[in-house]
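Since the structure of chain H is provided, determine the placement of chain D on it from the hints.
Chain residues, written in single-letter form:
2 protein chains.
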Amino acid sequence: MAGTRKVIELFYDVACPYAWLGFEVLCRYRNVWNIDLQFRPAFLGGIMHGSGNKSPGLVPNKCLYMGKDLARLALYFGVPIVSPENPAEVKGSLSAMRFVTAVAESREGRQADVENVSRELWKRIWSGDEDITLPASLSEAGLKAGLPANEIEELLQLASSQKIKERLKSTTQKALDCGAFGFPHIICHVNGKEEMFFGSDRFELMAHCIGEQWLGPQPAKTSARM
Amino acid sequence: MAGTRKVIELFYDVACPYAWLGFEVLCRYRNVWNIDLQFRPAFLGGIMHGSGNKSPGLVPNKCLYMGKDLARLALYFGVPIVSPENPAEVKGSLSAMRFVTAVAESREGRQADVENVSRELWKRIWSGDEDITLPASLSEAGLKAGLPANEIEELLQLASSQKIKERLKSTTQKALDCGAFGFPHIICHVNGKEEMFFGSDRFELMAHCIGEQWLGPQPAKTSARM
Numbered sequence: 001m002a003g004t005r006k007v008i009e010l011f012y013d014v015a016c017p018y019a020w021l022g023f024e025v026l027c028r029y030r031n032v033w034n035i036d037l038q039f040r041p042a043f044l045g046g047i048m049h050g051s052g053n054k055s056p057g058l059v060p061n062k063c064l065y066m067g068k069d070l071a072r073l074a075l076y077f078g079v080p081i082v083s084p085e086n087p088a089e090v091k092g093s094l095s096a097m098r099f100v101t102a103v104a105e106s107r108e109g110r111q112a113d114v115e116n117v118s119r120e121l122w123k124r125i126w127s128g129d130e131d132i133t134l135p136a137s138l139s140e141a142g143l144k145a146g147l148p149a150n151e152i153e154e155l156l157q158l159a160s161s162q163k164i165k166e167r168l169k170s171t172t173q174k175a176l177d178c179g180a181f182g183f184p185h186i187i188c189h190v191n192g193k194e195e196m197f198f199g200s201d202r203f204e205l206m207a208h209c210i211g212e213q214w215l216g217p218q219p220a221k222t223s224a225r226m
Numbered sequence: 001m002a003g004t005r006k007v008i009e010l011f012y013d014v015a016c017p018y019a020w021l022g023f024e025v026l027c028r029y030r031n032v033w034n035i036d037l038q039f040r041p042a043f044l045g046g047i048m049h050g051s052g053n054k055s056p057g058l059v060p061n062k063c064l065y066m067g068k069d070l071a072r073l074a075l076y077f078g079v080p081i082v083s084p085e086n087p088a089e090v091k092g093s094l095s096a097m098r099f100v101t102a103v104a105e106s107r108e109g110r111q112a113d114v115e116n117v118s119r120e121l122w123k124r125i126w127s128g129d130e131d132i133t134l135p136a137s138l139s140e141a142g143l144k145a146g147l148p149a150n151e152i153e154e155l156l157q158l159a160s161s162q163k164i165k166e167r168l169k170s171t172t173q174k175a176l177d178c179g180a181f182g183f184p185h186i187i188c189h190v191n192g193k194e195e196m197f198f199g200s201d202r203f204e205l206m207a208h209c210i211g212e213q214w215l216g217p218q219p220a221k222t223s224a225r226m
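If you read the sequences in order, they're chains H and D. So in full-length UniProt numbering, spot 210 of the first sequence is number 210, and the numbers just go up one at a time. So in full-length UniProt numbering, spot 123 of the second sequence is number 123, and the numbers just go up one at a time.
Hints in this document: simulated from the structure, not taken from any laboratory. Please note that the accuracy of each hint is not assured.
A pair holds if it fits inside one copy or across any two, identical chains being indistinguishable in the list.
[What the hints assert, rightly or not] Straight-line distance between alpha carbons at most 27 Å, and here's what the computed DSS-like set of lysine-lysine pairs gives:
1) Lys54 to Lys68
2) Lys6 to Lys68
3) Lys144 to Lys193
4) Lys169 to Lys6
5) Lys54 to Lys91
6) Lys68 to Lys193
Being a predicted model, the structure only gives us computed values, none of them experimental.
If we strip away everything but chain H, and leave its shape as in the complex, we get (with noise of 0.2 Å):
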């Protein structure tokens, strides 16, 4: 395909259901877009706090839609989103996240890894309501995620490092930078310029800004079906 591919960069945690929405579109859309998808692990907690935003948990009635509304998304998008018995009680996802980081520094370059252990801590959270904190819960998900056995100890030591809590810190850092207050938080790198983009629910929009066509969130059965 002609031209340079357009660099993607997805702001996430796995602690945020609306963020899982727009991770799998972007990793379907791989195959579709000429882009150049960038995994950017951070800390949902750091943002609400830096940028002053407060839960949507917080407004019974935006608590209660939330609910319905990811039901819905979920059967649209095809992932299984299944909401925890109290939400309000998902555990943070501090070591979940330095976790990814500790992936993403020590197996640098191979994107597949960051991608399937961050899918496989949202399946244990937003799908199975499991744990994310226990180092045993990260070890299954990296299991699960096909790490070798035999790194996941190290990856576990590594995640409490000073190097992966200073790089979580400012990956988080340059979010807030770029204007985050919530995931996915998704910039465009479009002739030079960044476009920004909130939410899983702007992919028509963001098609159009980087020059592309929006098919869906399930380009796959779109075209199966054209």
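Structure of chain D alone, referenced to chain H:
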């Protein structure tokens, strides 16, 4: 067309530009989908207070993004939204929404008047950066909407009556009771059930929910292209 038209209730306030997008899209789809669109002028201030939601304007990054997002959506939807010079200064919409409620009350059954007056008020505030609080402003909007000049004075008086205050309050309370936390708040009546949608970015899902097809925000343009 076979089958009963599905009732769609649109709760809105002209203070909200996203509600303008939803309003125009649903007005366009009255000629495309088999729906009976019913306008429910309500008061955003009451929704925010009653639901405990906070204005997005309070989060600086969100506020910056909204300006960009609205400019993109305005183009994409073909609605002439231009953010006011100082959005934080947007005046209250209470008198404007009482005026719209008075139009709905006194010209019952003439949905076209409610539609036109609402659109003229949106144009003032979200296109022309003009006042919508003073009687002269409401009067001008009424004239542009094609209301008879000799009725406008009556409508302004009616707008400040207890009856209209109560009607606006009760519509706002109904929206809150149905889960609203912002506008547009849209209720689709499907097979005896109420399906609620928030925002102007769920029309694909809404179409699916009511058994219709989404053709983009400008269906006439879309079909012309097809």
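Right, here's what the structure says about each hint:
1. Lys54 to Lys68: Result: close both inside a copy and across copies, 20 Å intra and 21 Å inter.
2. Lys6 to Lys68: Between copies only: 21 Å across chains, 34 Å inside a chain, cut-off 27 Å.
3. Lys144 to Lys193: neither (38 Å within a copy, 41 Å between copies)
4. Lys169 to Lys6: within (26 Å within a copy, 50 Å between copies)
5. Lys54 to Lys91: Both ways: Lys54 and Lys91 sit 17 Å apart in one copy and 25 Å across, limit 27 Å.
6. Lys68 to Lys193: Close across copies (14 Å), not inside one copy (36 Å); limit 27 Å.
Hint violations for this structure: number 3 only, all remaining hints satisfied.
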